[in-house]
Amino acid sequence: MARFKKEQKKELPAINTGSMSDIIFMFLFFFMVITNMREAALKVKLKVPNASEVQKLEKKSLVATIYIGEPLSATENTLPPGKVSVQLNDQTVKQEDLVNDVRDFIGTEKEARSEEDKNKLTFSLKVDKGVQMRYVNTIKQELRKNNALKINYATGKKSEMQK
Amino acid sequence: MARKTPGINTGSMADISFLLLTFFLLTSSINTEQGIPRRLPPPKENTEEIKIDINQRNVLDVRVNFRDELVVNDEIVPLSQLTLKAKEFLENVENSPNLPEKESKYIDNIGEFYVSKGVISLTNDQSTSYSGYVMVQNELQRAVNELRDKISTQYFGKRYDNLDTAQQAAIRKAVPMNISEAPPVDYNQQPAQ
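As given, the protein sequences belong to chains A and B, one line each in that order.
Under this note's numbering, residue 163 is the last one in the first sequence; the count climbs by one each step, no gaps.
Under this note's numbering, residue 193 is the last one in the second sequence; the count climbs by one each step, no gaps.
Read the hints as simulated data drawn from the structure, not as lab findings.
These numbers were taken from a predicted model, which means no experiment stands behind them.
Where hints are given, some of them may not hold.
[Claimed, not checked] If you want a taste of the chain B side facing chain A, the calculated C-beta under 8 angstroms gives, among others:
| hint | residue |
| --- | --- |
| 1 | ASN9 |
| 2 | THR10 |
| 3 | ARG38 |
| 4 | THR123 |
| 5 | ASN124 |
| 6 | PRO176 |
| 7 | ASN178 |
| 8 | ALA182 |
| 9 | TYR187 |
Beta carbons are placed, not taken as given, at the ideal position from N, Cα and C, and that holds for glycine.
Model the full assembly from the supplied sequences, consistent with the hints where possible.
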């Protein structure tokens, strides 16, 4: 019994927390590497459709995104009849400026890339499920006119579609 | 050195890094960019460049109407059947005269291969919903992927995804993805008769 009493008297040693910060930093770097920052605040409501045959885009830096969806607030610019907005960078586009704005957007995105990357630039269309094709077709038409031919229909991943 | 330098207190370091961690967790989205890649046809000065020289048997006419319903070669088809139809069309196992012709081509890594000349012509309505359109694109892509997997297993004993770049290029040549998008129609804008 004497032995037990002796041990009870001992103080509990403090846990060494020095390596805790290292572990947290490791977490931090992990998340920094696998995630990508939201580059623009979304002004439109977006729920992309799901598809099973998706491919991952290889390089995040070679992707420019065009958003099409319902506007989140009433003050945003919409295309007639007023239910759908097109967002480039962080602004929604006015109907009368659509052609020019899309052209400028493609121009600046291409300008920002090096000469060899220009042809690899992909325009990703993030379009809400319910949007009618007429808006998407207009954008596709503009992309085509401006020689931005690599496009991508952004979708979620669904492993197996229900038949 | 008479005096020891006091150790820096690192207790709050974990707190700081926790703060950073939460910041990154909140501001970032894990889902990577993914989707169905497509290539638009190059721009032409004259917008009416419809190729009529393509033989009728080489075209699979896929139409999506404003209710997201499908018509394949003038026949209403449920979405689940589209992959099957497209595969049958592109593969043409029995060299049927109603299905696309095949052209003998020499392809690196594979050798002589009969490449189908089939083209899928996709027409959508202006009022088709985007999800309906993507579903159709997805099914067509699935048909091509399944054919590619089949050919790839036949020649290389592996699935298409597991091949190296040169082999993938060969398979892509053997089973090309030919989708031609016709100008969209607008049913709802047509004058009432």
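Quick rundown of the hints versus the structure:
With a least beta-carbon distance of about 10 angstroms to chain A, the hint placing B:ASN9 at the interface is violated under the 8 angstroms criterion. The beta carbon of B:THR10 comes within 6 angstroms of a beta carbon in chain A, closer than 8 angstroms, and the hint placing it at the interface holds. At a threshold of 8 angstroms, the smallest CB-CB gap from B:ARG38 to chain A is about 5 angstroms, leaving the interface hint in force. Annotation: B:THR123 was flagged as interfacial toward chain A, and the flag is violated, the nearest CB pair being 11 angstroms apart, outside 8 angstroms.
Contact between B:ASN124 and chain A, as hinted, is supported at the beta carbon level, the nearest pair being about 5 angstroms apart and thus within 8 angstroms. Interface restraint check for B:PRO176: the shortest CB-CB distance to chain A comes to about 16 angstroms, outside 8 angstroms, so the restraint is violated. Because the beta carbon of B:ASN178 sits about 16 angstroms from the nearest beta carbon in chain A, more than 8 angstroms, this interface hint is broken. For B:ALA182, the interface hint is violated, since its Cβ never comes within 8 angstroms of a Cβ in chain A; the closest pair sits about 11 angstroms apart.
Violation of the interface hint for B:TYR187 is found here, the shortest Cβ-Cβ separation to chain A being roughly 11 angstroms, above the 8 angstroms cut-off.
Of the numbered hints stated above, those contradicted by the structure are hints 1, 4, 6, 7, 8, 9, listed in ascending order.
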